[in-house]
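Asker: One-letter residues, chain by chain:
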Amino acid sequence: LAKTTQPISMDSYEGQEVNITCSHNNIATNDYITWYQQFPSQGPRFIIQGYKTKVTNEVASLFIPADRKSSTLSLPRVSLSDTAVYYCLVGSWEYSTLTFGKGTMLLVSP
Amino acid sequence: EAGVTQFPSHSVIEKGQTVTLRCDPISGHDNLYWYRRVMGKEIKFLLHFVKESKQDESGMPNNRFLAERTGGTYSTLKVQPAELEDSGVYFCASSPAGTMSSYEQYFGPGTRLTVT
Chain A
1 LAKTTQPISM DSYEGQEVNI TCSHNNIATN DYITWYQQFP SQGPRFIIQG
51 YKTKVTNEVA SLFIPADRKS STLSLPRVSL SDTAVYYCLV GSWEYSTLTF
101 GKGTMLLVSP
Chain B
111 EAGVTQFPSH SVIEKGQTVT LRCDPISGHD NLYWYRRVMG KEIKFLLHFV
161 KESKQDESGM PNNRFLAERT GGTYSTLKVQ PAELEDSGVY FCASSPAGTM
211 SSYEQYFGPG TRLTVT
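Chain order of the listed sequences is A and B.
Read in my numbering, the first sequence has 76 at position 76, and its numbers run on one by one without any break.
With the second sequence counted from 1, adding 110 to any position gets you my numbering.
I should point out that these hints are in silico values taken from the structure, not numbers from a laboratory.
Among these hints, one or two may not hold up.
[Stated by the list, open to error] Under the rule of at most 25 Å between Cα atoms (straight-line distance), these lysine-lysine pairs were calculated in the PhoX-like manner: (1) Lys125/B with Lys102/A; (2) Lys102/A with Lys52/A; (3) Lys54/A with Lys69/A; (4) Lys3/A with Lys102/A; (5) Lys3/A with Lys188/B; (6) Lys125/B with Lys161/B; (7) Lys154/B with Lys125/B; (8) Lys161/B with Lys188/B; (9) Lys69/A with Lys52/A; (10) Lys3/A with Lys154/B; (11) Lys154/B with Lys102/A; (12) Lys3/A with Lys52/A; (13) Lys188/B with Lys154/B; (14) Lys69/A with Lys154/B; (15) Lys69/A with Lys3/A.
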């Protein structure tokens, strides 16, 4: 499984765009990149998934460069309710169990 | 549509006692997963059911843990006898059949287990 590295924590103010970058240097050809969000006292929640280039949904955007050795989760105009831990996961379709790292604790302040 | 539910939300037991955690997945989801986070550690995979069959139980820590999913609906995870190091939050997740959706798993709120 590809090892992921992401910041331990980040701080932001309301209304700002937040970008969280994850490094996965040994990503395999058939690996996908998935991001989850976890609020206190809740289970993780799927945010977005991608293989290459850019993926956008109603919650976030995911940017993946051509070499796929990193990815950036972009949250537009964050609010206080976006305060959570964000996990970057890398794995193959063939292996469906999720491997969580330490995640990035995002704190959004007024 | 109801999400994944888990019961109880919190359980406090003494070392040596037995505890059974229950998970009700989203209706129609064939895949059911158990994960847990022990204090200060990452969320770790325990096992994976496809319907009533155990697809992968490589994450189960030892034979004190027994998971079942009779009839392919809800699942139980029994810890017998419980030890102090079993304390943590146990998450259940489910997903529909098919590999394309396996990474989009729906998690329950977790059961916090405290062994004293």
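Asker: Which numbered hints turn out to be false for this structure?
Answerer: Violated hints (numbers, rising): 1, 5 and 6; every other hint is consistent with the structure.
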